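Could you put the whole structure together from the sequences, leaning on the hints where they help?
Those protein sequence lines, which keep their order, are chains L, P, C and D.
Just so we're aligned, residue 1 is where the first sequence starts under full-length UniProt numbering, counting upward by one.
Just so we're aligned, residue 1 is where the second sequence starts under full-length UniProt numbering, counting upward by one.
Just so we're aligned, residue 1 is where the third sequence starts under full-length UniProt numbering, counting upward by one.
Just so we're aligned, residue 1 is where the fourth sequence starts under full-length UniProt numbering, counting upward by one.
Do not rely on the hints blindly, as some may be mistaken.
Which copy? The list can't say, so a pair holds if one copy fits it or any two copies do.
As the list claims (entries may be wrong) - Once the Cα atoms are required to be at most 16 angstroms apart in a straight line, the calculated EDC-like pairs of lysine to aspartate or glutamate come out as:
1) Lys446 <-> Glu436
2) Lys115 <-> Asp99
3) Lys334 <-> Asp288
4) Lys70 <-> Asp44
Hints were generated in silico from the structure; no laboratory data involved.
In this text, all values refer to a predicted model and were calculated from it rather than measured experimentally.
Number of protein chains: 4
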Amino acid sequence: MRSLNEKCAVVGIFDHPEASKLAYFSLHALQHRGQEAAGISTGDGEKLYTIKDRGLVTQVFDTQKLNTLKGHMAIGHTRYSTAGDDSILDAQPVFARYDLGEMSIVHNGNLTNAKEVRDALIKKGAIFQTYMDTENLIHLIAKSDQHHLTDRIIDAVKKIEGAYSLVFLSRTKMFAMRDPHGFRPLSLGRVGDGYVVASETCAFDLIGAEYIRDVEPGELLIFEKGKAPKSIKVFEPTPKHCIFEYVYFARPDSNVYNQNVYEMRKAMGKALAQEQPIEADMVVPVPDGGVPAAIGYSQQSGIPFEMAIMRNHYIGRTFIEPTQEMRDLKVKMKLSPINDLIRGKRLIVIDDSIVRGTTSRQIVRMLKAAGASEVHMRISSPPTTDPCYYGVDTPDKEKLIAANMTNEEICAFIEADSLGYLSNEALLASVNGKEENYCTACFTGKYII
Amino acid sequence: MRSLNEKCAVVGIFDHPEASKLAYFSLHALQHRGQEAAGISTGDGEKLYTIKDRGLVTQVFDTQKLNTLKGHMAIGHTRYSTAGDDSILDAQPVFARYDLGEMSIVHNGNLTNAKEVRDALIKKGAIFQTYMDTENLIHLIAKSDQHHLTDRIIDAVKKIEGAYSLVFLSRTKMFAMRDPHGFRPLSLGRVGDGYVVASETCAFDLIGAEYIRDVEPGELLIFEKGKAPKSIKVFEPTPKHCIFEYVYFARPDSNVYNQNVYEMRKAMGKALAQEQPIEADMVVPVPDGGVPAAIGYSQQSGIPFEMAIMRNHYIGRTFIEPTQEMRDLKVKMKLSPINDLIRGKRLIVIDDSIVRGTTSRQIVRMLKAAGASEVHMRISSPPTTDPCYYGVDTPDKEKLIAANMTNEEICAFIEADSLGYLSNEALLASVNGKEENYCTACFTGKYII
Amino acid sequence: MRSLNEKCAVVGIFDHPEASKLAYFSLHALQHRGQEAAGISTGDGEKLYTIKDRGLVTQVFDTQKLNTLKGHMAIGHTRYSTAGDDSILDAQPVFARYDLGEMSIVHNGNLTNAKEVRDALIKKGAIFQTYMDTENLIHLIAKSDQHHLTDRIIDAVKKIEGAYSLVFLSRTKMFAMRDPHGFRPLSLGRVGDGYVVASETCAFDLIGAEYIRDVEPGELLIFEKGKAPKSIKVFEPTPKHCIFEYVYFARPDSNVYNQNVYEMRKAMGKALAQEQPIEADMVVPVPDGGVPAAIGYSQQSGIPFEMAIMRNHYIGRTFIEPTQEMRDLKVKMKLSPINDLIRGKRLIVIDDSIVRGTTSRQIVRMLKAAGASEVHMRISSPPTTDPCYYGVDTPDKEKLIAANMTNEEICAFIEADSLGYLSNEALLASVNGKEENYCTACFTGKYII
Amino acid sequence: MRSLNEKCAVVGIFDHPEASKLAYFSLHALQHRGQEAAGISTGDGEKLYTIKDRGLVTQVFDTQKLNTLKGHMAIGHTRYSTAGDDSILDAQPVFARYDLGEMSIVHNGNLTNAKEVRDALIKKGAIFQTYMDTENLIHLIAKSDQHHLTDRIIDAVKKIEGAYSLVFLSRTKMFAMRDPHGFRPLSLGRVGDGYVVASETCAFDLIGAEYIRDVEPGELLIFEKGKAPKSIKVFEPTPKHCIFEYVYFARPDSNVYNQNVYEMRKAMGKALAQEQPIEADMVVPVPDGGVPAAIGYSQQSGIPFEMAIMRNHYIGRTFIEPTQEMRDLKVKMKLSPINDLIRGKRLIVIDDSIVRGTTSRQIVRMLKAAGASEVHMRISSPPTTDPCYYGVDTPDKEKLIAANMTNEEICAFIEADSLGYLSNEALLASVNGKEENYCTACFTGKYII
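The following block contains the structure:
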């Protein structure tokens, strides 16, 4: 039912005897960032090994496959996809043989000059076998005049624009690189005697790794056996962190941009209570996304928090058509109201965002049908008015309800008694941030690149 | 990880053109009561049709199969099972041909005199092809001297003891029967121009049915085309409702024994706050079971509610062995703490019950490792000291930690800073009940039969 | 494409440390007798263990499952089925608990008085949970007045009529029984220090067993640990062996009724050449069934044998509709002619039987389209005019082409240049048999029972 | 069990409204040339569409997928593979975007200068994402200085050496090209108003196409809408057809190099009878490969043909370990002797080739154990002494038994009473060929390139 989707997660493990296994569990912790495909490349100092396929991490890998992924270093990827049957071709890691040997690469983010770069490369005789931006990078590296891979990577990233949190394997080294704006998160940790990089710190918690610091925007980290990771400042950092990671994408138990996601969301809820107060009987989250903000709203307003909408865990896929008695079946299969609790009550319903408005309307209708006397929708982020070009799958602008309707119109459309959004200023304040350090383009249309 | 499991759900649909489809969705809503097998029998006035198999409801049935389940009446079953590969044989409905024609039956509960009845039947030449209590019933009906099925059902249930919420199909009628103590729930509703019975009312909500009343303990309901359901009081009702339905089994959005489950759990949490107060920084539920009680505890005590333990939805099955860095992997795959939120904090952790104690210990350890300064475990029910013989899968008494340790010993075992249970009296008060109307045998050892 | 199907295979293993494994491989060798479901029961002297499911033997069982089938004795079953989704309920072995303990049974054949027996049993209060004849037997055994199982089995089989090759397990013994007419085959062999019974001797070859003799019609064999098998002549043998086992069902490498199937088929082909000679350029079998008879026909007639129709092994299931260029797609997916070999040639095509005539017509058309100048169809058995009631799945009489058309009409229908069947007398002579010892009801309509 | 494997099949369909469906069925007919992966690309004049995956043709495609493969032209590929889990990356067609737009290509054969070409391309900055030779070709086309695709293809194939039967799609055209030696087969046919090219003519028969002629060695065919196919003689033809297509790879119902495969095999059998006569009781093929040659041997020698080894069609995969009674289980699961037929008899066993010798030994042992008094192995091709570099998967030379043992040693190894191969001269004569027109490198070590 969700309309905005993070496109991927990346991980890297360096210098650990069970690198493929650590990559596997790290990807498992990051499964929420992409459920369509998963892949791991490993290296043993001689050769790279790659397995990738459609499916969840637990479906793609088993003990036997992890055992064939030999070596002390590993990179991994999970992927969200809107593509068709052929999408396996677009799974990562992307592996290539080129003049310096073998490399494998994983990428979270989206390049904004991908088409220009690709066209220029194609003009010079390059062929593109996938539809992934990432393929640009291996071409740029392969075609660079520099003699050393490190220099080539620097060369290559200077030619690309947009969002990228990258992890590379060469025959003997691992590299991690984040774009100068640090659009997407990437953290560095320590596991056993080795290192780990991952999109979110929840991966560290599962594998028993210890957080060190974030990879800096514009920083290239080089991992070489027997040495401390070497840092090169490729670009001057000009942070423009994706604020939507705090709003919705990241797991609440992760620290992203060095702050805890749950606490950020709770702060948004508190700010929302201040900006968009309303008299009511209870504060109700749309689970699971709205829970921390609802707790914050409740604590700030003093209105009791109630888990009045239940999330059903046994959904599975059903292709059975409903009968005429069944209304709102699709949403009800996933979410159900506690009728007795809400009958005759005034509800403040907290959700993280409204994209097309259809799900919100189904929820409002369901709550009204269950007897709620008033439903006040409160959104812990500003209206989503603009698509993302930095690694999030968003609908076209004409499908974003907030790009096409006033708040009053949206309120009418979703059939709520009132509707309130968090202001962009309050959102920034909630995450202790300044406008210049965050990308808020999906709320403001101010694209950096 | 759960150690107590409800054994099944039953549903019945009468006089609806899409009976099999309504049974399918009803079972889907009741999937939490049994995930091992599912089955539906339907009847079109001429013949009965049955499909049952291992798996979730969505796995067992598809459109084509539902279409072969013809007719205007349907019964359905989902099943929990500890049995081995052979368990398909023990899926329900149980179908039989006998001297009055065909019948099919679904059963939630457990017969306490099953062995005696079976031995007596076997002595008379009966054969038993499954390990289900339910097989007793069809034998008793088939062997009864009565001429009419209604009389035979009455005959049969008078010979059995224990817990049973039953739904039968004959060629033209549907029957619903609940044991005199009403151990397990069974509600009656209206859907379209027909009727529905189901273990929990959440099934009614999904299919757009309207709750009428509970089937009474000791009541037999007979559904015949073109007539109002006929009620026969087979036994004088002596209610002994399973109180654990309120504590853990039923879905919070269901009404069971005519009261809302979520509200009962919240009341238990409030009572727990009164009986087992402690100074702390936050109240934290073990999700999802502990959430309503934790909200109640927080509201009563004024200590803030925090969702400091997150539940991971992408679990899947993994057979990959952890590395040595990974501690408490099994619990962490499912539950993760919000480290920054709990670091240095005193936590009141709310769970619905402690069965063996091992999971509770893993949770306490995980929270301590995440930095909690104190972990106070509060349980929204009394100590689970005795196994259930009325339809719940419980470990043997020697494995029930509360049957073998004092509260202090349990507290030490689970490594908590303190441990508090709700008293049986407070539990009963929370559900507005009197001791004589509820079965609390798992807490008190007072078995009715 | 085949229209006649053997309904099952049975095996029994007694006194071997790897009984379940031997049963598994025996069933694998007998897979041609039933591909819908497979099952094995074993016994260790204490308890019986059963696993059965839909699918091929290799799909139903794996190492883990075979290991749970403990004990030194095992019985097994594969099954053909026309039934629907629910057929799992009708898989064998049939297991039951009854007054003497536990038993499990497998059955090849069909009881002709099943309905009468069942109705009588039902009148006495029995319930039937499956649609298998076999269920009658366990009821009869359970209800017998005798005190010992051996006597009860004798009691039971005296009440049933029709075809049955049975193998039973009790807690400590194995029993094998064949009906007085010996309709279906059953052979006895020695494996290691134990014994094996199986529907066909090809099972013996695979597991390294040595053939001893056939179980006699009307004979009950009792296998008890530490003793030689005990034989009881329950009925005077009046053999009426199913001659269609020789014509089509049994594997050519099996010995059935103590004669080799391949050689019988070759003899039929020779006799066919004598009875139905025709001038032609080559003798061509419809593979695989027609191969041995075609070799016989060629050897007798001196007309060269050619494998001019190829069987395709990569069929798989396809649901793709053909284009208009594709004629006879269904048969061509399975069988393809060698065009250059048959162009302008006169062909004698050998098949084992014609059931509905539609497949034969497709084959003739395909050969003509490939350029054959003449196609003479020769059938190595008499016209199939009557359905089988002794364990073969045959279409209704109105669908048997030979029951409704003269040979000339059939020839015209299948568009052949000539058609010749083997006479019943020549068929009997080919298998060295006398009419009184074989059941030829499918050719003659002379039903014994 | 087979040790030599054809690496692939290719097909192309041009100007047919159901191009993807025709490609599907054509691949189905060619499934014997590769069972690991299958793929189809289509074009509608605007865009190319590709689906490829692991599995049989019937597993990879369904109606829905074929429907997404829009357009009037299609190319397809089936693939044999020795590679690991990652092999999906090496499935074909290979699709690429390059400076002239999009192209997709399928390839049967093996390039002998692949490494040199690849190294040169890599030196110029190309990246290789798969392990397929075929990737060279798209690079060469993309980097060619020519302006038109036709010229680029000519440019590219002039840089490669080895075996290639290729089919390309561009946005609007289809191209078919065969190497100057015509190592691998490729035939041209007519279907509806359009054209088809395929590795073997058996594909034509299934889809109702009419054979026109073979694509000539060195010929490039260009298919353009509304025009007759245009032929360009890129290279002077110097045919060196793979003779092993006749010996084993191709289907007997195919015409390859314009002659029927079954008849060629029969001729080999006749020649073998002349060169390697022996007194015996019967001629027995190893099914299915040895059947036509055995028929030829029998017809020439007058010794009766018998199908004394049966092929089992219900193999499936089993991981169950045999018991100690089971000898030669692996071969017996697939092939079983007709014991009664061969007991005491002298057998001439006909097979197409001996690669490692282990399977032949198992067969001889099995036949001896079944009672054969003599087993004379006759092979319808010369000793396989050298690996193939033109598109066949052969073991290393040290594993080819004929490269390391004399005929006497091989005879002793396989435990036969005598062993006879067909001479290379007789093989060539059987296929009406001259040494200079066939590649016999696997028998002679005379490599052309």
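State the violated hints by number, sorted upward, taking the hints as numbered earlier in the document. Every hint satisfied by this model.
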